Each structure stands twice: as C-alpha cells, then as structure tokens.
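Undergrad: Sequence:
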Amino acid sequence: MNIAYIQPPYPHLDKMNPLDSVRYMLDQALQVQEDTDLLVLPEYANCPGLDSYDQLLQFIKRESRDFLCELSRIAKDKQMHIAGNVIRHTEAGLRNTTVWIDRKGKVAAEYDKTHLTEFERGSLRLVPGDTVRHAVIEGIRVSFATCFELYFSEFFEKLAAGHPDIIIVPTYQRSERSEVLTAQAISRALDSGSYLLRCSYAMGPTSEAGGMSMLVHPRGEVLSCAEQEVGIFRAKVNIKDKWWRPSSYGGGMLESREIIERNRRAELYRKAGPGTGMPAVKSPALIAHRGFSANCPENTMPAFGAAIALGVDEIEFDIRCSKDGELIVIHDATLERTTNATGLVSDYSWAELQRYDAGTSFSPAWQGTKLPLLDHVLEQYAGRIIMNVHVKDAGEDGYVIKRIRALAEQYDAAASLYIAGDRDVLAYALQHAPNIERCCLVEQASWHLVDYAIQYECGRLQFFPAYCNEEEVRRAHASGIRCNVFYSDNPEETRRLFHIGIDAVLTNNPLHTWRSDWDDAYGI
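Reminder that position 111 of the sequence shown reads as 627 in my numbering, one-by-one numbering, no gaps.
Honestly, I wouldn't trust all of these hints.
Stated by the list, open to error - FRET-style restraints, in silico, Cβ to Cβ:
1) A796 <-> D551: 45 to 55 Å
2) R781 <-> L860: 37 to 47 Å
3) D593 <-> N754: 24 to 34 Å
Claimed, not checked - Distance condition first, Cα-Cα at most 35 Å in a straight line; then the derived DSBU-like pairs of lysine-lysine:
4) K918 <-> K674
5) K622 <-> K758
6) K798 <-> K752
7) K674 <-> K908
8) K594 <-> K531
9) K918 <-> K908
10) K758 <-> K798
11) K594 <-> K752
12) K531 <-> K752
Because the hints were derived from the structure by calculation, they are not lab data.
Quick caveat: nothing in here was measured; it's all calculated off a predicted structure.
Cβ coordinates follow ideal geometry from the N, Cα and C atoms, glycine included.
Starting from the given sequences, assemble the full structure and let the hints guide the process.
TA: Structural data, given as structure tokens:
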C-alpha cells in the first residue's frame, strides 16, 4: 500500500494566513503521485490557525465551504483514498470530524472527535462525538483517533478491540515537545498492534515542539517522519503485516496483540459490569438453547439470566429483523407461537413489537415478559458469557451481519460472541465481520458439515446428533474447528457426546442435563 501524508507549515509561519494554508494542502494533494493509495491530511485542515468560535464559523462558511468537495474531486481523479480532518457545522453545533473519502470520491467513513480539550469545548464551542469508529475499506480495517486522543491509552485499548490494520490520527499539536509526540505515536502503535499514521503541522526548522508527522509500524518502528519539514511524505507498506513475537521466553510466535488479549485480566482494571473480561472457552461446555427455555419463555431476558445463574458456559439465541431494521431476539418468522400477536416479525416495527407479550404463551405466570433486542442482551451480558447468535436471515446485502458487527464493536463483544448460520449468513459474515467467529450450520442433516465449515473459514460447527461420530469430530478438530451438537436434554446422551470429543452441547434444560458427578471427569 502506497501511503502519503502532507505536513503543511502552521499558519502565521512564513507569513501564511489560514486560507494560504488550506490552498497549500489542496495544491499538494494535486501533486501526489498517481500510484498513491491513501493520502492523509492534518487536523483542522479546512480552517487552521483560527482561535475563536466566530472566526471558525465564518471561515468554514465562506472561505473553505468547498474544501471537502475539492478533496472528493481529487480522490476521484487520482483514484486514491483521502483521509482528512475538518471542522463542520451541524445542527448540534461545530464538530471536529475526520472524513475518509474513497477512490470514487464518496465519503466512506466519518469520526467525530470524542475527547475535546478545554479550549475546544470552551472557546471554540465544539460538540464531542460519542462513538468509536471502525471501518473496513477495500479489506483494510481502519480506526480513527484525533490529536489529543493520543494521550488516552484506554481509548486505544478500545480501538485495539476492533483489530485495526491502521489508525489514522490527524493532529494539531503545536506546543507538546516533539520527542513526546514521537514516544506517544510509537507507544500507541505497539499498544494497538496496528500501523499508526500521525499527521500534523510543521512549526519551523528550529522548533522543538509540534510537527513530527509520521508513520509507525505495529512493532514500534518509525517508517517515515517529517520532523519539522513541509511537503508530501511517502511510504510503502504491507498493511497486513503485524508484529509477531514469542508468547513467552522460548514460546511460540504470536501476534503481539493476541498475546495481550490472551493474558489480560480486565476484571482487575475495568469498572464492574458488562465487558469486564473475556469469558473462558471451555471443553466440554453446556450451551443454554434459547436460554433456560425449559423453565422460562424462550429467547427472553429471564431465560438468559436464569441460564447464566445456573452456570452455563454459553447462551444461544436467534435473531430476526423488524420492519424498521432492529434486531429482534426471536426464533420463528411469525409471532403466533411465542407471543400474543400474529403475523410476520418483519411486518412490524420495533415500537409495535414492544407492545406484545412474550410470556403468557409459555405460562400465565410470565405475563408481561417482552421480546428483547440484541442491544439489550449485549448491554446486559457482553463480556459475561459467550453468545451463540443464530442468524436466521442475513438481510439485504448482509444488513443483519453489518448491524451485529456494529453492536459487537459498541459493546466490546466481538470476541465473546459468534455468528451461526447457513450459507448466506456465513458468506456475509466472512465479508463484513471477519473478526467475529463463525459457526457452520450448512447442511447439518448430512455428512458434509465439516467440509462446509472449512470452506467458510469457521472456528465452530454445530452437528445434529444423527450426523456426528468420533471420526467427524477428529476431522473437525484437525482443522482447528470447535464442535457443538444440537441438542441433548438427556444426561446419558450428553455423556456419550462428550466421550466422542464434542466440545459443547446445546440443551433446553441445563439443570437436568448437567450432572454433579461429572465435575472431576469432564471439568464442567
């Protein structure tokens, strides 16, 4: 990947005014070589050197209102991506936004700076964003941070959870010592296990502060640094190249970030609640099918809570899409069996579905139980239990998969859930959510399940008992695939399945399926 970045002189140096600086960046962008894949510009690229709200507002409305249009035209003409930071006027107020423009000149991703300085919040009256942004662009996982956010190591831990290939960091720092800026960039690249591109302004050849636009490798090596020079700077990298190091002294080689994830004890240094750590993956394990569905209304919050209270290792539930695009936790395509309503789930909005009862069809004692959203399950249980998410339909152009990916990132749950489904679900999951594990359900009533699991690069598969034997389990394990079985409510049948090497058994009644005398034999 050919990467270029522009380090302009800070306005008021060399007698440049803010408009001169904006024009300088656009002129430099026009001179970028044709084989460039990505060009990065610094923070406040459409309004540098201004220090009051009124100045900013007037400048972006009059002097640089066409700035993004110009960048889009350049990106399209040169067939390259451009990432740059601008101040934009929104209904909520002024926002500090990093924009990624693709080769077609279209905005492919936006990120509103979440950590604002006191000056930005006060004098400039900027409105902070509230969402971490990850994007997959041409197969490259991109994350964003802005300037001041380099100081927040915990923010970069959040970015690292999205497994980015590169983090784009437009900056405006002018007073921080240059050696500190370099140390920060190196540390954050090491922390996140990704390339980091920091793009700023030159503060003059004798300055010991600011400047230092640079590209850093995941191993902490500075591949290119502008120091206090001005102009265009280039580097060619393999963006998928990571830092591999020994897992311990004399141990096997692993990606540096994987070593951190395997050994961290987040419960010691995160606030209590969802996302307090990585649930352990156990073998053998019990999976509560639709929660504790033998004793509670299936696919409801009480069913999940009861199963977790019993000590199951995973919960399984089903996802369907409402008319307005919300992800509803429900098994059937229709409402009749599990609620007091009729018709297709997809014909109702979430506001309408909330009015119906999901408990009385199971028992009058459960009257008032509601259908949950995937959001609700993740908000309550992310980081506390592994979730087997059975996607019934991937939706148009993989909409459901994309939405699951976004929610998994929002609740830091990508590593503690997996997507189970048929061909279309797995294909879209492989394309749009490659960092979330997949579970193969293709042709379960056949002896081809292992082959399909390999084809769709699944970390798990789910056998039917009638099409499962020790040989197939060994074949799956040889390919690094974990084996579930759907399902067993019988203790002796569950014992037999564990004996042939099955890793996890789905059950409707974990209280009955689990046996206390299995503790020593199976480690349950």
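Undergrad: Hint by hint, note whether the structure agrees.
TA: Comparing the hints with the structure gives:
1. At about 47 Å, the beta-carbon gap between A796 and D551 stays in the expected band of 45 to 55 Å.
2. Between R781 and L860 the Cβ separation comes to about 46 Å, which falls inside the hinted range of 37 to 47 Å.
3. For the pair D593 and N754, the supplied restraint of 24 to 34 Å holds, since their beta-carbon distance comes to about 27 Å.
4. At most 35 Å may separate the alpha-carbon atoms for a hinted pair to count; K918 and K674 meet this at roughly 19 Å.
5. For a cut-off of 35 Å, the pair hint linking K622 to K758 stands: about 29 Å separates their Cα positions.
6. A threshold of 35 Å between alpha carbons decides the hint, and for K798 with K752 the separation of about 42 Å lies outside it, so the pair is violated.
7. For the given pair, K674 sits about 30 Å from K908 by alpha-carbon distance, which is consistent with the 35 Å threshold.
8. Among the hinted pairs, K594 with K531 is consistent with the structure: their alpha-carbon atoms are about 31 Å apart, no more than 35 Å.
9. Among the hinted pairs, K918 with K908 is consistent with the structure: their alpha-carbon atoms are about 14 Å apart, no more than 35 Å.
10. Between the alpha carbons of K758 and K798 the distance comes to roughly 28 Å, so the proposed pair stays at or under 35 Å and holds.
11. At most 35 Å may separate the alpha-carbon atoms for a hinted pair to count; K594 and K752 meet this at roughly 17 Å.
12. Restraint check for K531 and K752: satisfied, since their Cα atoms lie roughly 34 Å apart, inside the 35 Å limit.
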